[in-house]
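Peer 1: Here is what each chain is made of, one letter per residue.
Protein chains: 2
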Amino acid sequence: MTSNHLLVITRHAAEYGQLLAEANLPDLVIHTAVDHQAARPYLQTSNLILGAPAFIRHIINDAPQVSWVQSTWAGVEKLVEAPNTRQNYQLTNVRDIFGPQMSEFVFAHLIMMVRQDWARYDQQKERIWRHNMPAVIHGKRIGLIGVGSIGGDVARTGKHFGLEVWGYTRSSEGCTAVDRYFHGDRFLEFVSGVDFLINTLPHTSQSVNLLDKTVFAAMKPTSIFINIGRGSAVVERDLVTALEQGEIANAVLDVCQQEPLPPDHFLWDAPNTIITNHTSAVSFPNRVMPIFIENYQRFRENTPLKYVVDFGQGY
Amino acid sequence: MTSNHLLVITRHAAEYGQLLAEANLPDLVIHTAVDHQAARPYLQTSNLILGAPAFIRHIINDAPQVSWVQSTWAGVEKLVEAPNTRQNYQLTNVRDIFGPQMSEFVFAHLIMMVRQDWARYDQQKERIWRHNMPAVIHGKRIGLIGVGSIGGDVARTGKHFGLEVWGYTRSSEGCTAVDRYFHGDRFLEFVSGVDFLINTLPHTSQSVNLLDKTVFAAMKPTSIFINIGRGSAVVERDLVTALEQGEIANAVLDVCQQEPLPPDHFLWDAPNTIITNHTSAVSFPNRVMPIFIENYQRFRENTPLKYVVDFGQGY
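Chains as they are written, first to last, in numbering that gives the first Met the number 0: chain A, 0 to 314; chain B, 0 to 314.
Next up, chain A with everything else stripped away, as it sits in the complex (with noise of 0.2 Å):
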C-alpha cells in the first residue's frame, strides 16, 4: 500500500509529532517543522499538510502533491485570500472546537465590565477598598451577530445566565437558544435593542466593514461590543470615535485589523476598552487532533471529508 507523507507545519510541531506518534495512524510518514522554511525538505514528497495557514501560504504553491490542507485554525482566509496562491485541493478547517472558549471569554469580559472590575483592579493597588453596588448580567439582552457553532455556545450560556438572547444570521434559526433573531436589512434595529453584541464573523466580503458609525450611533449609550471574529468586520476609526463620544460605553477587542497591534497605533488609546491580543480561543493540539483523526479516516475511505471551506464563500 502507498505511504501518505503528512507534513504538520505550526509553532506546536513537537506536540503534534508527540500526538499522531500515539495515534499511530495506519500508512502515514510524518514529517514536523515549526514554521515555513523548516518545511522546505518536504515539499515535494508531501501530499498532506496540518497547520497554520499563515505557514502554508508560504509553500503550497511550491507543494504539488498536496491534494488535502487540515487547518489547524477556524480562520482560513490567509489561504483564501492569498493572491496567486493555488485553490485547487481540498481545504478543511477546525470548528465546533471554540464554543466553549469563546464562552468562558465573552461572559468573563461581560461580567468583569458591568462589575467595573478593572476600575476595582487600579483601586486595590492604591489600597482602597469600594463598597459599591455591581451591576450583574442577569436580565440583560445579549445579540449575537453571527450564530454558527461559536454563537450558539455563547447563546446557550447566555440563557444560563439568565439574559435575553438575539440573533443576527443570514438566513439560518437553528439555534434554540436565540430567542428572537434578525435578517437581511434589520441590523440596526437588531443592535440597537442589545445591551451587549457579539460578533463572531469569520472574515468574508460580507463582513467587511460591518460596524461601521451608522451602527455604533444606533446601539445603547451604555452598550458593550465585544469582537471575537475578525478585526476586519470593524471599521476602527469609527469605533474609537464612538467610544470618545460615549456612543457606546465598552469595547473588548480580542482581533484587530492589524495583528500584532503596533506600539503606536491608535486602537491602544481607545477609552474603555479592553485589548485582548487574539486569545480568546487558541486550537489546544489534543483538541485538533481527533478531527485530523477522523478527516485522515474518511480520506483513506474516500469519503467526504469534515468542515470542507468553500473557496467562494471564505468559510
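For the record, the hints were derived by calculation from the structure and aren't laboratory data.
Bear in mind the structure is a predicted one, so any value in this text is a computation, not a measurement.
Heads up, a few of these hints could be off.
Note that identical chains are pooled: a pair holds if it fits in a single copy or bridges any two copies.
[Claimed, not checked] Derived lysine-lysine pairs resembling DSSO-like cross-links, with alpha carbons at most 27 Å apart:
| no. | residue 1 | residue 2 |
| --- | --- | --- |
| 1 | 212 | 139 |
| 2 | 139 | 124 |
| 3 | 139 | 158 |
| 4 | 124 | 212 |
| 5 | 158 | 212 |
| 6 | 305 | 77 |
| 7 | 124 | 305 |
| 8 | 139 | 219 |
Go by the hints and put chain B onto chain A.
Peer 2: Below, chain B without anything else, positioned relative to chain A:
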C-alpha cells in the same frame, strides 16, 4: 383591624419605600430610615422591621413591640452574635436570590485568573501585544465548601462550563450538579483534589478559622482560592504565607475579617490576590421585596415564615 407598623432601616430606604408604596400591602403603615439614628422616632410604635442587621443591632433592644425582623442581608451574624441583644423575636433573612450573582462573580474571576488577564490588562497600558496560549477552566475540578442555594447555583454553572464539581457539606447531598460529596474528617482529602476552592459558608462557630495553614499546605500549588462566604473562615496570616510560598497560586477575596479593609492592612500586600470589597452579591431591593411581601402575607395569616434564622445555628 389593627395596622402593622413597619420600620425600614437601610441605606436604600428610599427605594424600599417606593417599592412598598407600589406594592400597596394591606394594613401596613411604613416608616423609613437610612440608618439607626434616623430610626429612633419610630421604635416605640413599630412591630415589624425590614433592614440591614448592622443598623438593627443598635435599636432592637429599644423596639419592644417588634416581633419579626426581615433582614435584607443573607448574613445575620451582626444580630445573632451581638452581645446583650434580645433574640426573642422571629428573624428571617434572604436566601435563594444570590446564586446567580455569585455564579457570575466566581466564574468571571476564575476565567480571568486562568487566562492571566490581570497581567494582560497591565501590559495593555504599556501597549504590549502578548499572544500567549491562555488556559481554560473547561475540564478543571471545582470544590465547593458548602452547597446551599449559592453553592448549588455555582455547581450548576460549573457543570455548564464543563467542570467536575466536588462538594464538602455537613451531611446534605441534595444538589445533583455535584459529582462527588465529602463530609466530616475528609476535608483535607477534599481540598487536596480540587483546582479551584470556593468558600460559600456563612459565619458560624464551625466555619471560623476553617481555612488555615494545614488546609493551604494540602492544596495544589496551582490552585485558586475564592472566598465569597465570610472572612472569619480564613486565618488570613496563613493565607498570605501560603501565597508567598507558592502553596497555592491565587486568591480572590470578596470578604475579609475586617471590613472595610484599612489601608495599612497586610492583606493588601498578598501576592497574586484580587480583593473585591464585598461586592460579589448585593441585596437589590427589587429582589428582596418579593420575599418580604410573601413573608408579610404569611405573618398576617399566622402561617410559618420563610427563611427563619435559627439563633443557635447562626443561619
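Peer 1: For residue 139 vs residue 158, is the C-alpha pair at or below 27 Å within one copy, between two copies, both, or neither?
Peer 2: Close inside one copy (10 Å) and across copies (22 Å); limit 27 Å.
Peer 1: Cα distance capped at 27 Å. Does residue 139 pair with residue 124 within a copy, between copies, both, or neither?
Peer 2: neither (31 Å within a copy, 30 Å between copies)
Peer 1: I want to check one pair: residue 139 and residue 219. Are their C-alpha atoms no more than 27 Å apart within a copy, between two copies, both, or neither?
Peer 2: For residue 139 and residue 219, the Cα distance is within 27 Å only inside one copy (12 Å; across copies 37 Å).
Peer 1: Reference check for the pair residue 305 and residue 77, CA-CA at most 27 Å: within, between, both, or neither?
Peer 2: within (20 Å within a copy, 61 Å between copies)
Peer 1: Pop the pair residue 124 and residue 305 into one bin, within, between, both or neither, using alpha-carbon distances up to 27 Å.
Peer 2: Cα proximity of residue 124 and residue 305: none, with 50 Å in one copy and 42 Å across.
Peer 1: At most 27 Å between C-alpha atoms: does residue 124 with residue 212 qualify within a copy, between copies, both, or neither?
Peer 2: between (36 Å within a copy, 26 Å between copies)
Peer 1: I want to check one pair: residue 212 and residue 139. Are their C-alpha atoms no more than 27 Å apart within a copy, between two copies, both, or neither?
Peer 2: within (24 Å within a copy, 42 Å between copies)
Peer 1: Indicate which option fits the pair residue 158, residue 212 if close means a Cα-Cα distance not exceeding 27 Å: within, between, both or neither.
Peer 2: Classified as neither: same-chain Cα gap 30 Å, cross-chain 40 Å, threshold 27 Å.
The structure is inconsistent with the numbered hints 2, 5 and 7, although it conforms to all the rest.
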